[in-house]
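Heads up: the protein sequence lines correspond to chains V and C, in order.
For the first sequence, the residue numbers in UniProt numbering are 1 to 261.
For the second sequence, the residue numbers in UniProt numbering are 1 to 263.
Please keep in mind that the hints were generated in silico from the structure rather than gathered at the bench.
Please read all numbers here as calculations on a predicted model, not as lab measurements.
Where is the CB? At the ideal position from N, CA and C, for every residue including glycine.
One or more of the hints may lead you astray.
[What the hints assert, rightly or not] Pairwise CB distance ranges, derived in the manner of DEER restraints:
1. C:152 x V:75: 31 to 37 angstroms
2. V:23 x C:208: 49 to 55 angstroms
3. V:244 x C:42: 58 to 64 angstroms
4. C:42 x V:23: 42 to 48 angstroms
5. C:243 x V:86: 48 to 54 angstroms
6. V:25 x C:208: 54 to 60 angstroms
7. V:107 x C:235: 51 to 57 angstroms
8. C:18 x V:23: 41 to 47 angstroms
9. C:57 x V:75: 47 to 53 angstroms
[Unchecked claim] Covered by chain C, per the in silico footprint, the following chain V stretches (three or more residues, Cβ under 8 angstroms):
10. 183 to 190
11. 252 to 259
[What the hints assert, rightly or not] Negatives, chain C to chain V, calculated, CB over 10 angstroms:
12. 101
13. 112
14. 129
15. 140
16. 151
17. 182
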Amino acid sequence: MQADFFAKKRRNSLAFLLALAGVTLIAIVVTEYDVAKGFTSVPDAVAWALGNFYPTQESLVKLPGIIDKLVETLLVSIAATTVGAAAALLFAILGSNTTRVNAFFGSISRGIATVFRNIDVAAWAMILLFSFGQSSLTGYFALFFGSFGFLTRSFVETIDEASSGSVEALRATGAGYFSIIFHSVIPSSMPQMISWVLFMIETNIRSATLIGLLTGSGIGFTFNLYYKSLNYDVAALVVLVIVAAILCIEAVSNYVRRVIL
Amino acid sequence: MTALLEVQSLSKQFLGSEGKALTDVNFSVSEGEFVSIIGPSGAGKSTLLRCINRMIDASSGEITFDDRNVTKLKKKELKMVRTKIGMIFQHYNLVDRLSVIENTLHGNLGKKSAIAGVLGLYSQEEKEQALRILSVLGLESLIYKRADQLSGGQKQRVGIARALIQNPRMLLCDEPIASLDPNSAKVIMDHLRDISTSMGITVLVNLHQVDVALKYSDKIIGINSGQVVFNGSPAAITKEDIQRIYGSEAEDLIFDLGGIHAS
């Protein structure tokens, strides 16, 4: 009986691996991807990048302009995340099973959040291009909608996980809805929520670069501009600046996380 | 002694489940009594306790607490009744990131207006009362500690403090010692007994440990599959009663009834 159990588990794993291999093979055939050529071209690409893609003395002149754009991108990302987080907190409180007012509003707010979450930021950017044109406002709203959806989902889970016990206890003392929110839900969930917001800020700074390509704003656009005009040295400088900024933000948010958790 | 709590033909059926969680439950509890509810897991002990303060709404039947029919109360009146009933949980249900004193003062939130409650405006008197209760429970040196830094026994004592600061008429304790080691469990049960004896607060406890129930209670209510199968004093309980409460395998239960009655 037991030997059977393990044999069955092994068969399942094997079947899964075979299926995965099959799908990969089909994909390779359909896209006419040459595996050998794919791997052998990597050294060439590296050689080209090392030969062309590095900042030079002259490119440093552009640095102040690049930094300006970078700061703009950072601020847009942070603003989109924090405003998104405020909206997400409201929807999460209404949507969480622990704190929802009733089942109807609960499913409505979770449903709205699901729609916003499942549309990617890039898709949002394209949709919003129609309304706002190529401006940083489009980027801002794309990031805002994406963060809102994702954060609502994470906040709902945080609330259910961190505070259902104490919410029950406070309800049993006869405490009112808002007292429960402010004395149980917020204190127990806040550190985890801040951690999610920091994560979202990091993610948004990365997406903002891509969104910038689409919306013609921010650091993404700057990169695109220099790259397309064959100014590889300046484009390389942009990339280095972005990498440095992301590492800084990550260090800061890791520090904050250590302190609050 | 008058009945403080009266439960009459209480039944509960959860949505989407066959069979009832509680079937025609009747009992009454006098002022100041210490009552234990025993029964196997899933017998309906927690459901019964939560029906009393309407954390769960009963399907039918009446619950009278302090001469008021709890099952018919409107939202505001229900809150008023809840302020008179303290509740203690198996997993303590404290706000882990707040201090002992803050968790204790939470017991006062039910009496506050919405604004005072949200802002956490506690009077000097309430703070002093919290300190008094915490020192009775032996927690005076820990008042600024965060709840998640306490041991299980200490957390449960904070839970008791939060219930006591309500100045309750009755305490509902849902498996208060199920997650505790024997020493902490004894400390908690001694405190609960003392609360009942010296403060005259009625205590209703769900218990897994039959020996503990027999030792501490004035009255035992035995539940099996949502029905009351025993209701009487610990001295009157027989081996057959235990079998009826816990089912046929009860013969092998790990404690000795004679030994407990003798002590």
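Outcome of the hint check:
A hinted range of 31 to 37 angstroms is violated for the C-beta pair residue 152 of chain C and residue 75 of chain V, which are about 47 angstroms apart. Between residue 23 of chain V and residue 208 of chain C, the C-beta spacing of about 51 angstroms keeps the proposed range 49 to 55 angstroms intact. Between residue 244 of chain V and residue 42 of chain C the beta carbon distance is about 59 angstroms. The supplied range of 58 to 64 angstroms therefore holds. In this structure, residue 42 of chain C and residue 23 of chain V meet the distance hint of 42 to 48 angstroms, their C-beta atoms being roughly 45 angstroms apart.
At roughly 60 angstroms, the beta carbons of residue 243 of chain C and residue 86 of chain V sit outside the given window of 48 to 54 angstroms. The hinted range of 54 to 60 angstroms is satisfied by residue 25 of chain V and residue 208 of chain C, whose Cβ atoms lie roughly 57 angstroms apart. Between residue 107 of chain V and residue 235 of chain C the CB atoms are about 53 angstroms apart, so this pair conforms to the stated range of 51 to 57 angstroms. Taken as a hint, the range 41 to 47 angstroms holds for the pair residue 18 of chain C and residue 23 of chain V, whose Cβ atoms sit roughly 43 angstroms apart.
Checking the proposed 47 to 53 angstroms range against residue 57 of chain C and residue 75 of chain V shows it holds: the Cβ atoms sit about 50 angstroms from each other. Counting residues of the segment 183 to 190 of chain V whose beta-carbon sits less than 8 angstroms from any beta-carbon of chain C gives 5, enough to reach three: the coverage restraint holds. Under the rule that three or more residues need a Cβ within less than 8 angstroms of chain C, the assignment of the segment 252 to 259 of chain V is violated, with 0 such residues. With a least CB separation of 13 angstroms from chain V, residue 101 of chain C remains clear of the 10 angstroms interface cut-off, as annotated.
Under the 10 angstroms C-beta cut-off, the non-interface status given to residue 112 of chain C relative to chain V is violated; the minimum distance is some 7 angstroms. With a cut of 10 angstroms on Cβ distances, residue 129 of chain C stays outside the contact zone with chain V, its closest approach being about 15 angstroms. Non-interface status of residue 140 of chain C relative to chain V is upheld: no Cβ of that chain comes within 10 angstroms, the nearest being about 22 angstroms off. With a minimum CB-CB distance of about 17 angstroms to chain V, residue 151 of chain C clears the 10 angstroms threshold, and the non-interface call stands.
Annotated as non-interface, residue 182 of chain C keeps its C-beta farther than 10 angstroms from every C-beta of chain V; the closest such distance is 24 angstroms.
Violated hints, listed in ascending order, are 1, 5, 11, 13; each of the other numbered hints is respected by the structure.
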